[in-house]
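Top to bottom, those sequences are chains R and A. Residue 1 is where the first sequence starts when you use the working numbering, and the numbers rise one by one after that. Residue 1001 is where the second sequence starts when you use the working numbering, and the numbers rise one by one after that.
FYI, nobody ran anything at the bench for these hints, they're computed from the structure. Virtual Cβ for every residue (Gly too), placed ideally from N, Cα, C. Misleading hints may appear alongside valid ones.
Stated by the list, open to error - In silico lysine-lysine, BS3-like type, Cα no more than 30 Å apart, as pairs: (1) 1339/A to 1179/A; (2) 1208/A to 1261/A; (3) 6/R to 1092/A; (4) 1226/A to 1180/A; (5) 1226/A to 1339/A; (6) 85/R to 1092/A; (7) 1269/A to 1226/A; (8) 52/R to 1092/A; (9) 85/R to 1339/A; (10) 1092/A to 10/R; (11) 1198/A to 10/R; (12) 1014/A to 1180/A.
Unchecked claim - Computed beta-carbon distance windows for the label pairs: (13) 1054/A to 20/R: 27 to 33 Å; (14) 73/R to 1085/A: 38 to 44 Å; (15) 92/R to 1262/A: 47 to 53 Å; (16) 80/R to 1282/A: 44 to 50 Å; (17) 1296/A to 81/R: 21 to 27 Å.
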Amino acid sequence: MKVEEKRPIKSPDTAHQIIDDEAVIITPGQMMVHVLNAVGSRIWDLADGERKIGDIARIITHEFDISYQTALKDTVEFTRDLAEKQIMGFVEEEGH
Amino acid sequence: MRRHADAYSRIIGKTLDRLIPFTVHWELTYRCNLRCPHCYVIPQNSQRELSLGEITSIFDLLRESGTLYLVFSGGEILTREDFFEVAASARKRGFALRLITNGTLLDEWVADRIRDLHPLSVEISLYGSRPEIHDRITACPGSFERSLKALRLLRERSVRTVLKSLMMKGNVGDFQGLKKLARDTGSQFVYDTIVIPKMDGSTEPCVKRLDGHELFRLLYLEVQEKGDDWDRREKDLSCSAGLNALSVSPHGDVYPCMGFKESGGNLTKNSLSEIYHSPVFSKIRSITLSDLRECRECHLMRYCNRCPALALMETGDLLGPSQADCLLAGVIKSIIEDKRERALMEHEMR
């Protein structure tokens, strides 16, 4: 599967809130609080398990006035980083 | 909890400045299966508890308003038949949950469901490390074993537990036993020393408060070990009530905090903005050190954690001193001075 096709989703054990474009995320298992920057917070907000990484990158391109390639790179790296920290996952597609 | 300190402090600052209810303490029910005489709650049978539908509507409102932390307490939260629907609805919306319970209604099935909620912590009240102490205080034989079992069931499921206690006459001699029980069950130990008056203003439970000598003996080692934490030179006597924290009753009434039972409105009828700008909330937010006629000149101020709600409950004066806080501050000062004198004597003897 192409990376743009992946659908990121918030881990169900996280608690989260957005204050002034900054996401505060708590992982109860690790007792960690993460505060994300504006772009990261928007990606977090959009990661609903429905949107693909490509869809999210297009929204970031539009809202933050950056190129699609930059937005895609940021979105891929960011979601991968959060997945490594078990804050986010990717929806398993049927047949994969 | 580990935090990205600067960024998180900045968020907290924003919630304080902009009156965002970051932490909401919600008493889901005043019903309880225990009958602890020191408890401040008085069941209000004439008033209807909020339904699941009303609660979830309020969750949506709080979510939009910036709430992150929800603390559920009672009464006993597990006496609500729909507790897990309420809690699951909160988690679905992304709130961080802390659950406060006596644990006596907790079995394996309940423990599994609590684990699935991923709460930050479950706080279980225990008043003694042995049944004869705890059960006498709860007036419920067998409650100790059930609460202890609850701690163990939760720990087996890797749920973070807190053994929460109130030190008073009747259990003060068991302080070390409680600390050990917390360690043995893998729980954090948290305790308070101030018994608060009942919701109707009755000070009857306060007869169980420790006197100065008992407090001195209880806190001596604690204060000796953490002296600098208790001695605060930069003291502003402020609290977060009515700023980024508020309290909700089982009926939807909103208070600046749990101890301050003057309602700023009801969430089934009023907006959060109306509640935040109600006379009650405006009054508690407007208090400054210069308003505290006696406390502002008090030599115990740097040792004091003055609670305005406690002052109001004890004396009817929001701006006056609280007897319990004054006593505690005096004891802390005595212990710190004792520590300094001993250090001086040791130095002179060398």
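Worksheet item: Does residue 1226/A lie within 30 Å of residue 1269/A when you go C-alpha to C-alpha?
Response: violated (46 Å)
Worksheet item: That 21 to 27 Å hint for residue 1296/A and residue 81/R (C-beta), does it hold up?
Response: This hint is violated: roughly 50 Å between Cβ atoms.
Worksheet item: That 47 to 53 Å hint for residue 92/R and residue 1262/A (C-beta), does it hold up?
Response: holds (52 Å)
Practice prompt. Given the hint that residue 1226/A pairs with residue 1180/A, test it: the Cα-Cα distance must not exceed 30 Å.
Written response: holds (19 Å)
Practice prompt. Would you check the hint for residue 85/R and residue 1092/A, treating anything up to 30 Å between C-alpha atoms as holding?
Written response: holds (21 Å)
Practice prompt. Determine whether the Cβ-Cβ distance between residue 1054/A and residue 20/R falls within the hinted range of 27 to 33 Å.
Written response: holds (29 Å)
Item to complete: Using the Cβ atoms, figure out if residue 73/R sits within 38 to 44 Å of residue 1085/A.
Response: holds (42 Å)
Worksheet entry | Hinted pair residue 1339/A and residue 1179/A, Cα distance within 30 Å | holds (23 Å)
Worksheet entry | Pair hint outcome, residue 1226/A versus residue 1339/A [Cα-Cα no greater than 30 Å] | holds (11 Å)
Worksheet item: Hey, residue 1208/A versus residue 1261/A, does the alpha-carbon distance stay inside 30 Å?
Response: The given pair, whose Cα atoms are some 22 Å apart, holds under the 30 Å limit.
Worksheet item: Is the hinted pair residue 6/R and residue 1092/A satisfied, with a Cα-Cα distance of at most 30 Å?
Response: Judged against 30 Å, a Cα distance of about 23 Å means the pair holds.
Worksheet entry | Hinted pair residue 1198/A and residue 10/R, Cα distance within 30 Å | violated (43 Å)
In summary, the numbered hints that this structure violates are 7, 9, 11, 12, 17.
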